[in-house]
Amino acid sequence: ERERERERERETEKMSSFVEKTLLVDPKEVEVTPCEILKEGHFFALELQNVLTPEECEAVIQETEQLGYEEALVNVGGGRQVLIEDYRKSGRCIVDDKEWAALLWDRIKEFLPNRLRGDHHQDCLVTGLNERLRFLRYGPGEFFRPHRDGCYERPDRSE
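Letter by letter, the sequence shown follows residues 1 to 159 in the numbering used here.
If you're looking for bench data, these hints aren't it; they were derived computationally from the structure. Note that the structure is a prediction, hence the values are computed from the model and not measured. Be aware that one or more of the hints could be misleading.
[To be verified] DSS-like cross-link-like pairs, simulated, lysine-lysine; straight-line CA separation at most 30 Å:
#	residue 1	residue 2
1	K21	K109
2	K21	K39
3	K21	K89
4	K109	K39
[What the hints assert, rightly or not] What follows is a set of in silico ranges between Cβ atoms, one per label pair, in the way DEER data are often shown:
#	residue 1	residue 2	range
5	R2	E40	46 to 54 Å
6	V25	Q81	33 to 41 Å
7	E58	F111	18 to 26 Å
8	H147	E70	15 to 23 Å
9	T33	F135	17 to 25 Å
10	E58	E3	16 to 24 Å
11	R2	T53	37 to 45 Å
12	L103	L83	29 to 37 Å
13	D123	R2	39 to 47 Å
Heads up, the beta-carbon is just placed ideally off N, CA and C, and yes, glycines get one too.
Could you put the whole structure together from the sequences, leaning on the hints where they help?
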């Protein structure tokens, strides 16, 4: 039990450290610019510029490089992921950080709809960003074929 508590403390310390090292300015000082919205049926993609400052981008790159990148796998359902290099080839660094996701959400939420239609045509309330942050790194010739992201359900099933 004591060892689990120490591990939780280390994870919390690592998370707050990531926030402190990468989100450097007050969100009120960031002017996000919507650029392009792509809609196809009930799916959409939105490009936002200036969500992070150049200094924050550099800090994220430095921190994720320190954490390390692995080959990005493809989710095939049932909690399983596999390497499929003709579908996706890039590096990926995963950081689980609720605080970082919440701070980023504060910067972009005004540009997003309040509701979206889910895979099974259910109406979904948009409440925030997934705290499993995936930072991708593409080298020459690397890619991720057209796809749509799947749903994320928190382990406690609260959302």
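Enumerate the violated hints, using their earlier numbering and listing them in ascending order.
-> Result: hints 2, 10 break, sorted rising.
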